[in-house]
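Undergrad: Each chain, written out:
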Amino acid sequence: MATVLRLVDLCKNFDSTPVVRNVNLEIRGGEFFTFLGPSGCGKTTTLRMIGGFEQPTSGRILLDGQDITDLPPFLRDVNTVFQNYALFPHMTVVQNVAFGLEMRGASKAEIASRVKKMLAIFGLTGLEKRKPAQLSGGQQQRVAVARSLVLHPRVLLLDEPLAALDAQLRRQIQIELKEIQKSSGVTFVYVTHDQEEALSLSDRIGVMREGVLEQVATPREVYSRPATRFVAEFVGENNILPVRVIGSQGGDTLLEMGHIRVVARDGRVAKGQPAVLAIRPENICLHAERPVGEGNLLAGVVRECLYSGTSLKVVLQLDSGQRLLVQTQAGASFQPEDRVWAAWRPENGRVLPDHPVPHGQVLPGHPPNPQPGSRRRGRWPG
Amino acid sequence: MYRTRAGTWGLTILAALVYFFLYAPILLMAVYSFNDSRLNITWQGFTWKWYLSLWQNAYVLEAMGNSLVVAVVSTLLSVVLGTTAAYGLYRFRLRTAKLLEGLIFIPLVVPDVVLGVSLLVLFVLAGISLGLHTIIIAHSVFGIAYVAVVVRARLAGLDPNLEQAAMDLGADWWTCFHRIVLPLILPGVVAGGLLAFTVSMDDFVVTFFTAGVGSTTLPLRIYSMLKLGISPEVNALSTILVVVIALLVLIAQLVLRRGANNQSNYVGKEW
Chain A
1 MATVLRLVDL
11 CKNFDSTPVV
21 RNVNLEIRGG
31 EFFTFLGPSG
41 CGKTTTLRMI
51 GGFEQPTSGR
61 ILLDGQDITD
71 LPPFLRDVNT
81 VFQNYALFPH
91 MTVVQNVAFG
101 LEMRGASKAE
111 IASRVKKMLA
121 IFGLTGLEKR
131 KPAQLSGGQQ
141 QRVAVARSLV
151 LHPRVLLLDE
161 PLAALDAQLR
171 RQIQIELKEI
181 QKSSGVTFVY
191 VTHDQEEALS
201 LSDRIGVMRE
211 GVLEQVATPR
221 EVYSRPATRF
231 VAEFVGENNI
241 LPVRVIGSQG
251 GDTLLEMGHI
261 RVVARDGRVA
271 KGQPAVLAIR
281 PENICLHAER
291 PVGEGNLLAG
301 VVRECLYSGT
311 SLKVVLQLDS
321 GQRLLVQTQA
331 GASFQPEDRV
341 WAAWRPENGR
351 VLPDHPVPHG
361 QVLPGHPPNP
371 QPGSRRRGRW
381 PG
Chain V
1 MYRTRAGTWG
11 LTILAALVYF
21 FLYAPILLMA
31 VYSFNDSRLN
41 ITWQGFTWKW
51 YLSLWQNAYV
61 LEAMGNSLVV
71 AVVSTLLSVV
81 LGTTAAYGLY
91 RFRLRTAKLL
101 EGLIFIPLVV
111 PDVVLGVSLL
121 VLFVLAGISL
131 GLHTIIIAHS
141 VFGIAYVAVV
151 VRARLAGLDP
161 NLEQAAMDLG
171 ADWWTCFHRI
181 VLPLILPGVV
191 AGGLLAFTVS
201 MDDFVVTFFT
211 AGVGSTTLPL
221 RIYSMLKLGI
231 SPEVNALSTI
241 LVVVIALLVL
251 IAQLVLRRGA
261 NNQSNYVGKE
271 W
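Chains as they are written, first to last, in the numbering used here: chain A, 1 to 382; chain V, 1 to 271.
Keep in mind the hints are simulated off the structure, nothing from the lab. Any given hint might turn out to be false.
Unchecked claim - Selected chain A positions facing chain V (in silico; Cβ < 8 Å):
no.: 1; residue: Gly51
no.: 2; residue: Phe53
no.: 3; residue: Gln55
no.: 4; residue: Pro72
no.: 5; residue: Phe74
no.: 6; residue: Asn79
no.: 7; residue: Asn84
no.: 8; residue: Ala86
no.: 9; residue: His90
no.: 10; residue: Arg104
no.: 11; residue: Ala106
no.: 12; residue: Arg147
no.: 13; residue: Cys305
no.: 14; residue: Tyr307
no.: 15; residue: Phe334
Just so you know, these numbers come straight off a predicted model, no measurement behind them. Cβ coordinates follow ideal geometry from the N, Cα and C atoms, glycine included.
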């Protein structure tokens with residue numbers, strides 16, 4: 001599919017603090033693309049630059065090959081769904097949805113028919129005369145998307161559009177959004193810090209950290225083959241174990257963890273470089289007895305068992321002192337203080353270059369705290 | 001909170017005294033405007049005649065006309081300039097914004113005498129002859145401040161994303177202002193305008209310094225009538241003024257309150 005949106009060397013500084021650094025990206029027509037990252041990573045700023053609400057410090061933004069970097073928001077064929085919806089409180093649902101068409105000088109008849117169709121798609125029929133304050137959160141959210149989508153923009157930008165909704169409604173609207181995106185064929189560029197949301201909705205995900213696009217790939221790829229330590233830690237749960245690369249054998253990398261040798265079928269870190277081994281909790285098997293045969297093996301003691309209905313999470317303390325999170329079947333019967341063996345296959349370990357975690361230790365699956373001094377500041381208040 | 005019985009009584013009496021001194025004179029004045037006697041001391045019976053004689057008093061009618069012209073024109077000026085100023089301060093994050101904001105609101109706290117004298121000095125230095133136009137300029141000075149204060153409070157409750165959303169949907173700056181911003185701050189604009197109008201109607205001190213010959217306003221006329229003693233006519237005229245101004249203030253409050261209910265994200269700031 002053809003590229004619709006291109007970001008070329010996009011940079012943004014706020015008061016000489018870089019918040020977006022050299023982002024290069026091509027977004028294809030009809031794609032559901034998600035910027036994923038913790039708060040303060042620059043994902044919203046990137047979106048706002050595409051929408052025209054922030055001026056890039058350097059770099060270009062191309063829509064269908066045409067440079068739109070210096071165009072004001074009202075001259076760009078992209079529309080934004082704001083995090084708090086930004087519905088016009090003094091207008092009814094119909095007036096809100098009709099606003100964009102009116103601005104384009106569409107005829108009364110055309111406006112009426114397109115608005116009607118849109119409201120039907122979003123299940124808002126019957127609420128035409130309501131003001132935003134008289135709608136539920138979910139209904140407001142739908143009006144916000146309908147108001148932008150009725151213009152059939154080349155790209156629809158969505159800035160954490162589900163953040164204000166409760167978990168159940170969020171899941172429901174996620175499905176609706178995905179369906180509407182598919183049936184309308186409009187390119188969606190989505191921003192979220194919720195990795196589950198990103199994984200389930202997106203065709204491709206761009207993971208951002210401190211203004212840098214660390215990996216752009218499909219959800220499967222991002223999850224199973226993270227490109228950096230940060231991606232491995234931020235997306236899903238992961239065990240990050242410091243290792244030393246001591247050589248390679250065929251396609252495998254030989255690693256040393258303390259004085260235990262392990263193997264990973266992955267060789268992207270050269271010998272001598274600081275490295276970590278990332279292993280997903282669900283890819284580790286627990287054995288009460290030392291298993292025989294090939295494979296990587298670590299011994300430890302069960303510290304904690306967390307039952308979640310569908311699975312049992314076991315926290316191990318390895319003999320080396322490190323902690324290891326393992327996800328097993330719900331039926332498994334491990335008890336604290338049990339001595340166990342953790343095994344995994346070489347292809348399930350991912351060797352990644354280590355980098356210091358600058359803002360405190362990042363716990364698996366938890367975004368780091370927002371960084372001080374990286375708050376958005378610009379021409380626009382808020 | 002712990003309160004003694006005596007303390008409660010003390011507070012009640014104090015409050016009663018405060019209200020008594022605030023409203024008793026006005027009430028008394030209103031009552032005596034219906035008194036069928038030239039003197040204010042004794043009640044002789046009910047009459048409308050002082051109101052009727054006001055209606056036939058050419059000086060009073062002229063002063064009323066002057067006051068209305070001044071109030072209407074200065075209110076219009078204040079609404080346009082005050083709203084523009086408030087919006088400008090809200091929209092553009094100038095480095096001097098804090099300073100400019102302070103400067104706009106200063107006429108509210110400067111003593112009227114100072115404002116009046118300084119304006120008079122300015123007019124004299126500039127060679128501007130005194131008349132209705134100078135009163136209008138003077139009243140606009142504080143009128144702008146009143147409108148700006150109320151509109152600024154109203155704007156503070158406005159979601160900045162609304163303007164961005166409007167622009168995102170294709171509205172240019174001007175469309176955005178008059179289709180989105182203005183309807184949402186309109187209660188503030190109207191309330192500010194009503195305030196400016198009432199303040200202009202009853203201003204004495206500033207007007208006293210900036211009025212010229214033949215440009216006597218109602219408060220100035222009342223003052224000059226007082227020189228001949230407190231006549232029931234003065235009572236009647238003052239009563240009318242009080243009633244009109246109280247009504248306007250009431251309307252301003254209602255407009256602000258209705259607007260607050262209408263704007264979901266407005267934080268309900270009373271000026």
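Undergrad: The structure should be examined with respect to each hint, and the outcome stated for every one.
TA: Against the structure, the hints:
{"no.": "1", "hint": "Gly51", "in the structure": "6 Å, holds"}
{"no.": "2", "hint": "Phe53", "in the structure": "6 Å, holds"}
{"no.": "3", "hint": "Gln55", "in the structure": "14 Å, violated"}
{"no.": "4", "hint": "Pro72", "in the structure": "7 Å, holds"}
{"no.": "5", "hint": "Phe74", "in the structure": "5 Å, holds"}
{"no.": "6", "hint": "Asn79", "in the structure": "6 Å, holds"}
{"no.": "7", "hint": "Asn84", "in the structure": "6 Å, holds"}
{"no.": "8", "hint": "Ala86", "in the structure": "4 Å, holds"}
{"no.": "9", "hint": "His90", "in the structure": "5 Å, holds"}
{"no.": "10", "hint": "Arg104", "in the structure": "6 Å, holds"}
{"no.": "11", "hint": "Ala106", "in the structure": "11 Å, violated"}
{"no.": "12", "hint": "Arg147", "in the structure": "7 Å, holds"}
{"no.": "13", "hint": "Cys305", "in the structure": "46 Å, violated"}
{"no.": "14", "hint": "Tyr307", "in the structure": "43 Å, violated"}
{"no.": "15", "hint": "Phe334", "in the structure": "50 Å, violated"}
The structure shown violates the earlier hints numbered 3, 11, 13, 14 and 15.
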